[in-house]
Amino acid sequence: MSTMTKRRYSYVFLLPAAIIYFVFFLLPTVLSFFFSMTRWTLTDWDFIGFDNYITFFSETALSIGFRNTLIFAVVTCGLKVLLGLLLGTLLTSSIIFKSYLRSVIFFPTLLSTIAVGITFSTMMHPSQGLINISLAALGLNGPDWLGNVKIALLSVALVDVWKGVGIATVIFIAGITAIPQEYYEALKIDGGNAYDGFRHITIPLSRPAMNTVIILAFIGGLRTFDLIWAMTKGGPGFTTDLIASIIYKQYQAGFYGLATAGNVILFIGVSLLAFPLYRFLTRSEVDQ
Amino acid sequence: MRKTRSKLISTACILLIITLLAACGGNNAPATTNNAADPGAQTPTNTAEKTKVTLMVGNTGTALEALRHVAAEAEDKLNITIEFDIKPDGTEGDNLVKTRLATGDMADLLVYNSGSLLQAINPEQNFVDLTNEPYMATVMDSFKSTVSANGKVFGVPFGSSNAGAILYNKKVYAELGLSVPKTWAEFMANNEKIHAAGKTAVIGTYKDTWTSQLFVLADFYNVHSQVPAFAEDYTANKAKYATTPAALRGFEKIEEVFKAGFMNKDFLATTYDVGLKMLAEGTGVHYPMLTSALDAINQNYPEQVNDIGVFAQPSDSADRNGLTVWMPSAIYINKEGKNVEAAKRWVEYFVSPEGQEVLTSKFNAAGPYVIEGVELPDDAYEGVKEMQVYFDEGRTAPALEFLSPVKGPNLENITVAVGSGISSAMEGAENYDKDVEKQAHQLNLPGW
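Chains as they are written, first to last, in my numbering: chain A, 7 to 294; chain B, 52 to 499.
Errors might be hidden in some of the hints.
As the list claims (entries may be wrong) - Partial selection, computed: residues in chain B whose CB lies under 7 Å from chain A: (1) A153; (2) P460; (3) V467; (4) I473.
These are computed hints drawn from the structure, not numbers from a lab. All C-beta atoms, glycine included, are put in the ideal place defined by N, C-alpha and C.
When you get a sec, could you build the whole thing from the sequences and use the hints?
The following block contains the structure:
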């Protein structure tokens, strides 16, 4: 066999994977760009240019959706990094019940998001929910967690943090245990205390772990759907609508073309935010 | 070598496609049936070969039970077994129906809404034309118009009509010495007295968002009697909610009730079921709702169901006082079904006086029936009997969704926003007009 045929021959082995990739990933992606410019009933379509995009951008609820999505992503991402780092540090130090506490922190991650959402929305009921009953026992007057327009989104964000902080903690634990003990010993010899160790060794050297957490949590926050749907369905009114829930509502109404346009917008939006963020974070990692 | 490669590619493609198709075909049959719950399947009395017809239906209220009863009778008479295919109700169910129709996977018979929801699933393309069936002569015209497209009739009525009205607790009314209000002002005065007596005047159950729409939807009799051309102009993009004062009133009524603080404290976290409980127990006195709620009350609180009365949503003038009526759902025959002929025979039996007698013996009506000769039984709910008066005096109008294919999908979120003070009545009406515009564009309606 010539080298040429050999090379072709080896491509054949890529074929099954390539076909699957084409049929299930590439083709739908390209088609979605096309269908986003049509009026589409699943069986039948007609081309209407950029009308769907215009409709989507002129939707009053959409500006709320963009703002909410950003707030949600930033709040959940920030809290997960902060809490994850603190918990990671705590759970790598020599404390009692370490492995038990590690599994407790990780446990919520294993639960179904829908189950968590339904459970918490029951617990957050303004007068009969466990949370406000407990607060009342302490003499406090709990707010209407999911009904109050000002805090509904934050309530959902807190539940998301509760559920997701386990993953962040595990990543931080992995990052922190990878830091050589010698650095801490050197610090001790130089007379540094525990805070110095955290500030000057743990934080800078767990930077790769932190970047992973930031990227995962931020993208996760941008495309959150299940939790918000289980807890508020975007309500009351449109106050907790995220882009993903707005898109879902368009599908529900049978506006398939419009919903596809929304997905394309979400795709572009996530890429525009996530790639530069990734670039920025990895660059500063190299600079260390 | 090149030939070999292209052969390999095509073989691989074919194999892949075959696998995919096999996978698709394999899982739909068992997933769509519900044998265990089918009474027909457990009574192998008739040994002759039976024709199997599938029927897709939701499972709210007593409807399904009554339908099973008819199916069991029909099995003896026609030798046709019905295999039930249970679907969820609400938007979830709409989605399923649309998908099943689009993928050619629909059951032979479908129980589905009449009116605008039917128009959204393209009846001409999907269902068998029943215009010339002899039994259609017994079906009321007002119903037929809601299951028609281009002059062809596609469905037969399933069950009774239904009204959007105010359900009220008669015991509390008697205790407080109140009388049924004829105008909105009287209604608000009653609310004031109920509120002062420490009870919830108006039950709000916004956790189930659809329940928030009633003040707008059930106000349509009042809109219709003031602006008779509204439905037509609205469909043709000439009339709007925000610019038609009579139509805007519906949104204003929600706003007024919220501002007066007449609703229960946690109305945003309260569900439909809890609302029914409040009404039955008399802790809540008015519930703007569909009268089909009576059936749900009967299931959970059979002792209290006859304490519940029904009055039409009042307008601003005592001269205009009538009910907004929801037409019953209908049974449609799938054009592409496997057993169209058997399905047709079954439907014929269903609408026959005999079939209707079987149905109404098990079905609890939420309003008058729309087939001639089918009367409300004597043991109908008190609330339903109160509705009959409006029908006898001709003081009814169909809800807007039966007169126009235009209905925005976000009304329930908009009414929640108005009803919880997030937006004003005017903003709500304007948002709804925009929502409707979007729907009209997506349906490609003329004039938009």
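Tested hints:
{"no.": "1", "hint": "A153", "in the structure": "holds (4 Å)"}
{"no.": "2", "hint": "P460", "in the structure": "holds (4 Å)"}
{"no.": "3", "hint": "V467", "in the structure": "holds (5 Å)"}
{"no.": "4", "hint": "I473", "in the structure": "holds (5 Å)"}
The structure meets every hint from the earlier list without exception.
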